[in-house]
Structure formats: structure tokens, C-alpha cells
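Student: Got chain P sorted already, so can you dock chain H onto it with the hints?
Read top to bottom, the protein sequences are chains P and H.
Numbering of the first sequence is given in this note's numbering, commencing with residue 1 and proceeding in unit increments.
Numbering of the second sequence is given in this note's numbering, commencing with residue 1001 and proceeding in unit increments.
Honestly, the hints are just simulated from the structure, not real lab data.
C-beta: ideal position from N, C-alpha, C; glycine also.
Not one of these hints is a red herring.
Not everything, but these chain P residues come out facing chain H in the computed CB check (under 10 Å):
hint : residue
1    : E39
2    : V86
3    : T138
4    : I193
Computed cross-link-like contacts, SDA-like style, restricted to lysine to any residue with a CA-CA straight-line distance of at most 20 Å:
hint : chain 1 : residue 1 : chain 2 : residue 2
5    : H       : K1011     : P       : P212
6    : H       : K1223     : H       : V1247
7    : P       : K288      : P       : R265
8    : P       : K243      : P       : I166
9    : H       : K1011     : P       : H205
10   : P       : K223      : P       : K288
11   : P       : K223      : P       : P264
12   : H       : K1243     : H       : R1233
13   : P       : K288      : P       : I228
14   : P       : K11       : H       : A1211
15   : H       : K1011     : P       : G213
16   : P       : K11       : H       : T1148
17   : P       : K11       : P       : V21
18   : P       : K223      : P       : K243
19   : H       : K1011     : P       : A211
20   : H       : K1011     : P       : S209
21   : P       : K11       : H       : G1213
22   : H       : K1011     : P       : G210
23   : P       : K288      : P       : I226
24   : H       : K1288     : H       : V1216
25   : P       : K288      : P       : W274
26   : P       : K11       : H       : E1214
27   : H       : K1011     : P       : G208
28   : H       : K1288     : H       : G1187
29   : H       : K1288     : H       : P1305
30   : P       : K223      : P       : G302
31   : P       : K243      : P       : L222
32   : P       : K11       : H       : G1208
33   : H       : K1011     : P       : E214
34   : H       : K1288     : H       : S1209
35   : H       : K1011     : P       : T148
36   : H       : K1223     : H       : A1236
37   : P       : K11       : H       : S1209
38   : P       : K288      : P       : D269
39   : H       : K1288     : H       : H1190
40   : P       : K11       : H       : P1212
As a plain string of letters, each chain reads:
Protein chains: 2
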Amino acid sequence: MTEFELISRLKPLLPRTPLVVHGAGDDCAVLSAPLPGNELLFKTDAVVEGFHFLADTEPERVGRKALARCLSDIAAMGGTPTAAVVTLGLPPGYNPDRVEGIYRGLRALAEAHDVAIVGGETTTNPDRLLISISLLGTVAAGRAVLRTGARPGDALFVTGELGGSIHGHHLDFEPRLREGRWLAGSGMIHSMIDVSDGLAGDLPHLLGSGAPGEPVIGAELLKSAIPIRRAARLGARSSDSAKPPIVAALTDGEDFELLFTVAPRDAVDILDGWRSAFPDVPLACIGKITDRPGIWLCGEDGMRPMIGKGYEHFR
Amino acid sequence: MTEFELISRLKPLLPRTPLVVHGAGDDCAVLSAPLPGNELLFKTDAVVEGFHFLADTEPERVGRKALARCLSDIAAMGGTPTAAVVTLGLPPGYNPDRVEGIYRGLRALAEAHDVAIVGGETTTNPDRLLISISLLGTVAAGRAVLRTGARPGDALFVTGELGGSIHGHHLDFEPRLREGRWLAGSGMIHSMIDVSDGLAGDLPHLLGSGAPGEPVIGAELLKSAIPIRRAARLGARSSDSAKPPIVAALTDGEDFELLFTVAPRDAVDILDGWRSAFPDVPLACIGKITDRPGIWLCGEDGMRPMIGKGYEHFR
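If we strip away everything but chain P, and leave its shape as in the complex, we get (with noise of 0.2 Å):
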């Protein structure tokens, strides 16, 4: 099947917007302007087959999740996701019934947020299959939701539950983008970020750089009430070598929820809105943000700086 053989099949599982003035098939994808009061959210993510997904892993499932991937970091921001682009590395004789697979994952997962995929690229990546999503969304103007921004004092909140999430979670989870709005539409979120990396690998990154102007600060966080994944229990019993729970939960990477700071006055106004809108989805306060630099964990043997990072490539 040559390159063009593959892109018309493949054209039909587009889907399509109000947005789009023209799809894939030109140089470039032409779109309609953000309405006037909006900015520009842009984000690109990569899976790669034997780190992000198997070579078994169900097609439907692996083009879901490269989209569902950059979908969080838009929620991350408040924002709403509009338009993609696709680039598949295939490998020589690949499945052409495996890339149609992935390409229906992508279009469910798309046509579940309004988000029409616009064009894309297929390339030889000789070794193994490679997906790269580049994803635009909106957001009113001035009211992204930032990394930085968190407050010495304030309350420090996680989406969903931690942990585990090697064993389904990393590639069915749903993208908290109704939940992202919410929160950047309550006006009370001074700080947030999508935990992909780990708890551990990702909340130093609302804890300031370092910068001139950006002091680093702290956090503790109340090891009892970090929700654990069932998944993370399950496996913990699973041998002697594995992890134990709250290990997981902290340094599992691909939990995909959302990480944020309040103000302290505001908590208890943001957990209660919290309950009415999204009765099915929990919601915990795991501790808060400190003028001493550092994570510590505070259980029954104390307080503890926290070592061990989440997830990071390369290391």
C-alpha cells in the first residue's frame, strides 16, 4: 500500500467541524479564527510502541490514548480542544487494518469533544510505530490556568485517584476536560498541571523554578489522603518486588488527573461545588503549599522529606 493509497483510506475516519474551512488534503489545514476575547492553546505529545503501548495493544485503544494524552494537558489549562494533526512513523509492511484501528480510536475519542482532526503526516520509522498529535484548543483570554501561581498556604487538591495505571487506566482514562473548565471557570485555581510523570514527578513543577521572581516553595502532602487505584493495591500484592501502594500512587506515571492549588479560604467552597457538578468523579485535598522548599510526607512516622521522583525518560 503506497503513502497516498493509505491517506485516502484513512481520510474518511476525519472528523469534521464548524471550525474547519478546509480539512486534510491541501499544504495545510485551514481553520476559522478563535472568537474575538480568545487565545490560542497549543500542545504536541508523542506515543511510541514498547514505552507507550505494546505491539499487542488493542489499535482503537493506542489512537485514544495519543489523543486522550494531549486532550489532559488542554483541560490542564481550562481550555477547550479544537483541532488536531496527526503524524504516524510506520514501520515498512506495516498492518494498513492496524493504522485504520488507531484512526478509529482517534475519531471516537475526537468526535466525544468536538475536536475534528485536520491533516496529518505518514513517515517511515523503520523500528516501531510512532504517534505524534498536535492539538489546538481555546481558552477566554487572560483565564489559562498556569503552572505557576501557587501561594505558601494554600490547599493542594488531586482529581480521580493514583497509581497503577500500567494496568488499563494509562489507556482508557477520560481526559478531565469538563472538569478543567469548571475549575478555570470558578476563578478560585491559582495553579494547576495534568500529573502525567507521577504525583512526585509533577507537582515540583507547581512548586516554582528557581527564577528571578519565581521562588521555589514546598509542599506537604498527607500520605492518608493520597487516593490510591485500586489497581495500585492490586498490584502492590502482586509480588514481593512490587511497589508499595502509596509508592505507586506517588510515582506511577500516566494517572492523567488534575493537580491544583487554592487559596485555603476558597477550599471548602471548591470541594462542594466540586460534589454537586461531578457527583462520580472524587475529588481529595492531599495537603498544601509551604514556604520551605521541598515535598514531606506527613504519616504516622511523621513528617519525611520525600525521595524518589516519578517517572522520567531517558533516566
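Tutor: This is chain H only, laid out in the frame that chain P set:
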């Protein structure tokens, strides 16, 4: 070197422009929307080691090429590029100096065209370096020049010279952005594409897909009018099995020139205007669009159907 250390090293190399509200370093970049009366252009493209560049190609030229290919697509719409995101697939044990070199090449070309680099992603691609770039641009609403729109009788033009790109042009070409905008601004261009897969491979995209409402048309090329790059002539002399220069000009890939059509009554105006605006850039009228489907080559030996298509991946 961890992912985070690499990103800290690359971040100072990312050019910003006034369009950037929040650049790389958050979950998404935040960009000002295009000015009223404009639409967005959106494009993605990837280059892969061993296919689009070699392991020993200077990293600056690799980075430059990765962005230049996308810029060429914006040029072919008559648009202006604004902001890019970059994904690097890196083998474990990669050389950080090579990655920094790639970013230096990206930055130099981005700055030359006022393009911001607003984010990126590094991921593991075990066997070879892969660079995927997504690019945004703007174009006056309704003024993007499409691939569709050629009419029988149209004169067919190509910028620059064709063939032999492998000898250096594929790394060092100048994307025809100013030229593309000038052509779109003339209001005379019926259809346009950038020649990336060889003239023989890309011309068919201007000739209709046969979809309902889009009849298939054809083209007659005047063999002697096709501008042949010197490298293609030299390449033809290098071995008995090398392509003849005209074949190289028709079927070699990666010319990144603009191929476009205008009504016959406008052909002289376009040529005259072009020579004033771009005295150093060749522009050749190489044939015409016809009712008869297919591509026909007119030479001393009469009119023959063209055999062979430009470079296709996977064949």
C-alpha cells in the same frame, strides 16, 4: 542527562515573538488569536534519520530542514507562519550536543521568519532520531490558495529549479514564503502546491481527485521549459545508471518549489511582476492545464504520456 535537564538546556534556544502569551514550559502554550479577518493555517511534518537526513548530517542543517519543510507548506497557501511546536524522538544515549545543534538550526530559521517555538516534547525512539514539527500560520480569510482550482487552459508555472536535491538543496533550500504571499496577493493564482515529492508526484494533486464535482483534468508539459538544477545535470554524468537530467527534474523529491496555475491572460503579468519582485528567483512557465486527463510531455519526439511518479514513501 534526564529529560528535564535536556529541556532546561534547550529552552533558552526557543525564539519568542509578541504573539506568545505563555511559551514552552506549561501544559500548553498560550498564543494571541490571529487579527480579525484572518484564518489559521495548521500543518505537521516529520523527518527521520536515514530517510530525510543521515546520522552524520550536521545537526544545524537537520533542524533547519525539519522546520523549512513546514514553512514551505505555509508558503504554498500564501500564508505567514507564526508558531511551531517540536517533538524529538531520541535514542537512549543520544548526544545532547547534537540535539542542541538541531535546536540552533531550528532557531536560526525560525528567527529569520518571525516564527516562535512555543513548546515541544522529547520522547524515546530507540533506533533513530525523528523530528516532528507542527506549525501554525495565518492567512487573510478566504485568501488561502488551494490545490484545487486549476482550470483547463491555465498556464502552469514553477519557481526555481528541479531535480538533484539530494546533493544539498534538500537541506539548505529557502522556503518560498515571500514568493507565496506575493503570488496569493496578486489575486491571480488559481491553484498552488509546493513540490516536495517531485513534479511528477505533485502535479497530479492539481489535476482533480475525480471526486463528485471535481472532474479530473490533465496537463501538458513542455520538456524544454522545465528548469533543471545544475546538481541534476552533474548527477546524471556521475554514473551510467543515473537518471537523465529531465527524469531527475520530474521525479526527484524535495525541491520545495512552488507549482501554480493562472489563467492564460494573466501569465505575462505574473511573469513581469515576478521579475521585478524577485529578480534572483527563476520562474518558468512549463506547460498548461488541459481537458484531457493525464500528464503529457511534449518534446522533440512528440507528445508522450508521462511514465513514473515522483517519490512515494513505502514503495
